[in-house]
Amino acid sequence: MTKKLYGVVFGSAADEEYEGLAHVWVRDANTGYWFSMSRAVESDCIEVMVSDQLSCYDEVDVTLSKTGILVRLNDVGTQSLDGHREYAIEFHLESVDIAEIRETLEVIFRGKSGLLLHV
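Heads up, the sequence shown stops at 99 in the working numbering, and the numbers go up one at a time, no gaps.
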């Protein structure tokens, strides 16, 4: 089942406040639902957080387009989150520049497969 989100998407390729953490995050404009994906500088793990639930993945599939991000998780991890396997995130007009989101995703996926860019 796909969880659809619409909101302002933010990205930081090296957040100084979090010791260089690369992360993208969104809060749904209508429901207040939170989604974030991050990776610490020294970590092999991609962390996905939905609302207040956090899970670590070795593999995540992400497609970036001009209008949004599609995130696909493996079945094992979905049990520890909210049961959704896919997250379709539509960009609000006030989202950060697509180039910044792309750069952040490239840092998160450095040395990993699973990132598909359509921008």
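Mixed in with the good hints, there may be bad ones.
As the list claims (entries may be wrong) - Taking lysine to aspartate or glutamate pairs in the EDC-like style, the calculated list, with each CA pair at most 16 Å apart, reads:
| id | residue 1 | residue 2 |
| --- | --- | --- |
| 1 | Lys92 | Glu39 |
| 2 | Lys46 | Glu22 |
| 3 | Lys(-17) | Asp77 |
| 4 | Lys92 | Asp41 |
| 5 | Lys92 | Glu22 |
Claimed, not checked - Between beta-carbon pairs, the in silico distance windows are:
| id | residue 1 | residue 2 | range |
| --- | --- | --- | --- |
| 6 | Asp38 | His72 | 16 to 24 Å |
| 7 | Gly63 | Asp38 | 30 to 38 Å |
| 8 | Lys(-16) | Arg82 | 19 to 27 Å |
| 9 | Cys36 | Glu86 | 28 to 36 Å |
| 10 | Ser23 | Arg82 | 26 to 34 Å |
Treat the hints as calculated values from the structure; they're not laboratory data. Ideal placement from N, C-alpha and C gives every residue a C-beta, glycine not left out.
Task: Ascending list of hint numbers which this structure does not respect - done: Hint check: 2, 3, 6, 7, 9 and 10 fail, others pass.
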